[in-house]
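Residue numbers (the working numbering), protein chains in the order written: chain A, 2 to 283; chain B, 2 to 283; chain C, 2 to 283; chain D, 2 to 283.
Please note: incorrect hints may appear among the correct ones.
Heads up, the list lumps identical chains together, so a pair's fine if it works in one copy or across two of them.
[Claimed, not checked] Pairs of lysine to aspartate or glutamate, EDC-like flavour, derived with a Cα cap of 16 Å: (1) Lys278 to Asp127; (2) Lys251 to Glu113; (3) Lys251 to Asp235; (4) Lys147 to Glu77; (5) Lys251 to Glu224; (6) Lys56 to Asp41; (7) Lys278 to Glu225; (8) Lys16 to Asp54; (9) Lys251 to Asp283; (10) Lys16 to Asp57; (11) Lys16 to Glu250; (12) Lys16 to Glu75; (13) Lys278 to Asp243; (14) Lys16 to Glu30; (15) Lys147 to Asp130; (16) Lys147 to Glu178.
Keep in mind that the hints were calculated from the coordinates and are not lab data.
There are 4 protein chains.
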Amino acid sequence: MPDSAILLIHCPDRKGIVATISSFLYSFEANILHADQHQDRDLGLFFMRIEWDLKDFSLDDAGFRAAFTPLALEFEMRWELAYSAARPAVAIFVSRYQHCLLDLLYRHQVGELRCSIPLIVSNHADAGDLARFYGIPFRHLAVENKAETERAQLTLLAEHGVSLVVLARYMQVLSPEFVAHYPQRIINVHHSFLPAFSGARPYHAAYQRGVKVIGATSHYVTEELDEGPIIEQDVLRVSHRDQVDDLVEKGRDLERVVLSRAVRWHLDHRILHYAGKTVIFD
Amino acid sequence: MPDSAILLIHCPDRKGIVATISSFLYSFEANILHADQHQDRDLGLFFMRIEWDLKDFSLDDAGFRAAFTPLALEFEMRWELAYSAARPAVAIFVSRYQHCLLDLLYRHQVGELRCSIPLIVSNHADAGDLARFYGIPFRHLAVENKAETERAQLTLLAEHGVSLVVLARYMQVLSPEFVAHYPQRIINVHHSFLPAFSGARPYHAAYQRGVKVIGATSHYVTEELDEGPIIEQDVLRVSHRDQVDDLVEKGRDLERVVLSRAVRWHLDHRILHYAGKTVIFD
Amino acid sequence: MPDSAILLIHCPDRKGIVATISSFLYSFEANILHADQHQDRDLGLFFMRIEWDLKDFSLDDAGFRAAFTPLALEFEMRWELAYSAARPAVAIFVSRYQHCLLDLLYRHQVGELRCSIPLIVSNHADAGDLARFYGIPFRHLAVENKAETERAQLTLLAEHGVSLVVLARYMQVLSPEFVAHYPQRIINVHHSFLPAFSGARPYHAAYQRGVKVIGATSHYVTEELDEGPIIEQDVLRVSHRDQVDDLVEKGRDLERVVLSRAVRWHLDHRILHYAGKTVIFD
Amino acid sequence: MPDSAILLIHCPDRKGIVATISSFLYSFEANILHADQHQDRDLGLFFMRIEWDLKDFSLDDAGFRAAFTPLALEFEMRWELAYSAARPAVAIFVSRYQHCLLDLLYRHQVGELRCSIPLIVSNHADAGDLARFYGIPFRHLAVENKAETERAQLTLLAEHGVSLVVLARYMQVLSPEFVAHYPQRIINVHHSFLPAFSGARPYHAAYQRGVKVIGATSHYVTEELDEGPIIEQDVLRVSHRDQVDDLVEKGRDLERVVLSRAVRWHLDHRILHYAGKTVIFD
């Protein structure tokens with residue numbers, strides 16, 4: 002894979018956006034690798050992801066920002082520029098269940114996730130061995146006083162320059178204050194197909210209701226529990242034979258896949274969010 | 002397929018049920034074609050479906066009932082006996098959308114559904130042509146006064162000896178009085194994966210929430226809207242590209258399959274219900 | 002949905018293609034509704050689908066062709082231009098099984114398929130009633146002498162200006178001569194997940210092999226049986242309980258969906274083919 | 002979960018089998034937990050899995066065998082008896098790719114797999130760290146002389162009393178002699194939906210053919226490569242955007258799930274095989 006730059010754009014829809022951006026990039030020798038766009042016609046919005054090879058590109062980061070800013074102002078764009086070579090720092094929060102953590106660490110090891118993982122935080126000691134096996138610093142912070150714990154967590158995140166927090170079955174609700182520090186940069190996995198069975202013990206509720214399909218949902222965390230923009234969902238068939246324990250077990254296979262996909266797409270800059278929803282460029 | 006009898010049983014769990022029933026059937030020369038059982042260990046309940054070839058079987062219907070009743074009393078069974086050769090009368094209720102109706106009529110025509118369909122009822126005239134093409138009597142009953150309409154519907158159902166009512170996207174809520182006439186004998190399809198998006202306009206709600214998966218649910222109708230025992234569910238992936246109209250269109254393929262499976266399983270006597278849930282013997 | 006034009010492009014990959022095309026369209030006041038591109042980096046190929054609103058667009062068809070041709074020559078493009086308002090003529094070939102035919106006719110009736118259907122051809126009389134119900138001319142051409150029958154078929158297709166032939170479980174193999182008249186314009190559905198179980202009686206072969214998943218495949222017809230570019234595939238789980246008849250029955254639900262999607266994507270100009278494969282723009 | 006016994010039966014179909022077996026078990030105070038049966042009517046065969054609680058059961062293993070043998074002879078049964086408390090020894094063979102190994106070790110650790118794993122064998126040293134982390138003895142046996150290596154492997158398996166060999170992406174073909182030592186006791190995962198793309202490099206072949214669905218298959222190993230009875234299959238959608246590397250990556254998620262399910266079902270004594278196929282009791 003070549004070194005590339007990725008531009009994500011969000012602006013009011015109007016004629017000429019694609020022509021303007023692609024001509025701009027072409028004038029600096031960009032070789033476009035991938036481009037995708039989306040319009041919300043009801044809201045009159047335009048979204049774009051465009052990725053180009055940096056090999057012949059004649060602008061460095063500062064140069065790009067200087068040259069692109071007037072254009073972005075003209076089109077009232079919200080935009081962000083990222084580089085495939087960058088490895089943003091990701092912190093993983095975990096409680097006792099380790100299946101999602103293990104999945105993330107394995108995928109990171111084999112190169113599926115473009116990030117560094119400088120920190121695993123847990124309110125239990127259990128995941129320490131696994132963290133050490135994968136060579137990731139592990140911090141056990143018991144939650145006695147939630148406000149204090151969150152302050153300690155935020156300090157750790159800041160020290161490690163963390164830009165994405167992944168809740169890999171972290172069984173604590175984060176305060177709105179904490180969430181406000183990482184807007185659209187905390188990804189959680191909930192063990193149901195939201196909006197069904199939000200809140201506690203979704204597998205028990207699913208068993209009780211007698212559903213024939215169970216699901217899992219990864220989403221950005223917002224102030225309101227289980228209400229953030231959905232990134233990915235997947236489901237599995239179940240039957241009357243499945244007891245709650247079976248749902249829990251089968252659900253593990255869903256949770257890890259659904260969370261890992263979300264983390265990967267975030268790191269590949271494939272996600273835009275607006276109006277409480279996500280656009281996933283593929 | 003041979004002519005067969007099907008026995009559905011529901012009783013407190015205890016030792017010897019299978020031995021007793023299978024010995025009973027064996028003593029009258031039954032050749033068992035299919036048997037399946039289920040236990041709910043929390044509630045201490047036993048469920049069984051057993052199907053046997055009638056060829057060598059030495060009891061007729063009255064004989065079976067006489068011989069089996071003492072045994073059923075001993076084990077406190079709720080039971081029902083059915084015959085594969087029977088063709089129970091099914092009425093289909095429909096409004097404007099005809100995809101579920103068409104699917105049921107086609108499956109009936111090619112022999113997938115073991116029933117007669119003596120009656121299609123609609124609050125619109127639209128489906129009349131389709132009914133006539135498949136040679137099914139069609140009754141257009143506009144819903145002006147709901148109580149009156151329901152009385153007329155109930156009269157029609159009684160006249161035709163209907164034992165199962167299928168709501169094939171019938172956009173009217175039936176009154177508790179109506180439902181009470183057909184307990185666990187009205188099947189509805191709801192265009193979401195319940196319990197998510199119960200009530201009106203589920204595709205709009207799904208679009209609004211930004212889900213990545215849409216679903217459909219078939220269920221027995223009870224007094225409480227969208228709360229009856231779930232029979233079948235299925236789902237389809239969607240993306241940010243799908244507008245409400247796309248969800249409606251894709252959903253049609255789900256609805257017809259999910260409803261037809263439920264009707265078929267009901268007619269094949271594969272469904273037991275208890276505690277607000279279903280057991281589907283396969 | 003607005004009246005729109007769709008441009009499909011296929012050319013050697015090089016810098017500036019997107020900039021050139023989008024600037025060209027912008028200069029004639031096109032409001033782009035949808036654009037998607039794909040590169041095959043191994044083969045150095047570029048593919049694009051771009052759709053724009055015709056409302057403000059200042060070129061008519063002849064004007065577009067005159068203005069675009071120099072550009073197309075410069076980039077060595079193969080291209081085609083289509084209009085959403087056009088309703089190309091589609092002929093459906095069918096034998097005895099009518100589930101795929103019924104599905105196509107229903108979807109056509111409710112507006113899912115942007116085409117006219119001036120002709121249904123069959124080597125059996127069975128589908129005549131269904132054709133008449135949907136108001137489509139039906140021609141029964143028994144296949145006694147294949148060469149003669151194909152000549153008659155080709156004459157009919159020419160008379161009706163047919164541009165796409167859909168084989169909706171048409172159980173005859175078309176000759177290479179026939180296929181040569183409609184290159185990449187004949188769509189077939191095969192009742193297995195190709196390349197598994199190509200040829201005759203795939204459900205029997207799947208049953209024999211004991212697979213746990215069955216599938217269906219829609220593809221463009223080429224000279225070599227079941228070897229054309231795959232457009233769509235889908236699968237269903239099966240188990241040891243499913244006899245060949247059950248596979249046939251379950252398979253019907255796959256076949257109709259897989260074929261209808263292919264026809265729709267073709268009519269929406271979403272398919273490009275190259276190197277024996279398809280690109281499906283979504 | 003209670004301590005239980007599981008009886009698997011395979012015999013010519015005739016009347017009275019279920020009655021005989023269930024009466025037999027009832028006479029020794031068995032409380033049946035689960036029973037499932039299957040008939041192959043074409044071949045006239047009967048299959049059964051029956052599981053009962055050992056708590057009140059009045060026969061020990063020897064007693065059961067003594068009492069049941071006459072009955073088994075009468076019905077010409079092939080049968081096997083197993084106990085849920087047993088932990089058969091499983092050896093895992095692996096090459097360089099570790100995703101399937103990791104998945105098995107994690108599931109073993111959390112209790113999903115009822116077995117001991119006394120041995121991991123590899124023709125590469127790579128998996129040694131992972132084996133040590135999970136506390137499993139690891140043997141690196143480079144394959145220079147295949148016959149010699151297989152002799153060394155067979156000695157190891159015998160020493161550890163191994164009753165099931167799992168090929169977790171072991172990239173060597175076992176000789177017929179090796180296979181003959183573990184009939185229906187070697188489980189392999191192949192990275193395609195067999196019978197499509199058997200043999201080497203299935204993802205390359207799938208890419209070349211342009212399929213829209215990829216799969217993985219777990220099966221018992223027989224003398225003929227990729228021809229053994231299929232235990233489980235699963236699939237994932239792919240598109241023209243997926244390069245071979247993407248198929249490999251997505252396929253990993255399929256392979257691990259498909260292999261782990263097969264191992265689990267084998268250990269739970271849910272699998273019967275006959276005529277080159279499997280019955281999976283659920």
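Each hint tested on the structure:
{"no.": "1", "hint": "Lys278 to Asp127", "verdict": "neither (35 Å within a copy, 37 Å between copies)"}
{"no.": "2", "hint": "Lys251 to Glu113", "verdict": "between (24 Å within a copy, 10 Å between copies)"}
{"no.": "3", "hint": "Lys251 to Asp235", "verdict": "both (12 Å within a copy, 15 Å between copies)"}
{"no.": "4", "hint": "Lys147 to Glu77", "verdict": "neither (41 Å within a copy, 54 Å between copies)"}
{"no.": "5", "hint": "Lys251 to Glu224", "verdict": "neither (29 Å within a copy, 33 Å between copies)"}
{"no.": "6", "hint": "Lys56 to Asp41", "verdict": "neither (33 Å within a copy, 18 Å between copies)"}
{"no.": "7", "hint": "Lys278 to Glu225", "verdict": "within (14 Å within a copy, 31 Å between copies)"}
{"no.": "8", "hint": "Lys16 to Asp54", "verdict": "between (26 Å within a copy, 11 Å between copies)"}
{"no.": "9", "hint": "Lys251 to Asp283", "verdict": "between (27 Å within a copy, 14 Å between copies)"}
{"no.": "10", "hint": "Lys16 to Asp57", "verdict": "between (28 Å within a copy, 10 Å between copies)"}
{"no.": "11", "hint": "Lys16 to Glu250", "verdict": "neither (51 Å within a copy, 29 Å between copies)"}
{"no.": "12", "hint": "Lys16 to Glu75", "verdict": "within (13 Å within a copy, 25 Å between copies)"}
{"no.": "13", "hint": "Lys278 to Asp243", "verdict": "between (32 Å within a copy, 13 Å between copies)"}
{"no.": "14", "hint": "Lys16 to Glu30", "verdict": "between (23 Å within a copy, 7 Å between copies)"}
{"no.": "15", "hint": "Lys147 to Asp130", "verdict": "neither (25 Å within a copy, 37 Å between copies)"}
{"no.": "16", "hint": "Lys147 to Glu178", "verdict": "within (12 Å within a copy, 53 Å between copies)"}
Figure legend: structure checked against the earlier numbered hints; hints not met, in rising order: 1, 4, 5, 6, 11 and 15.
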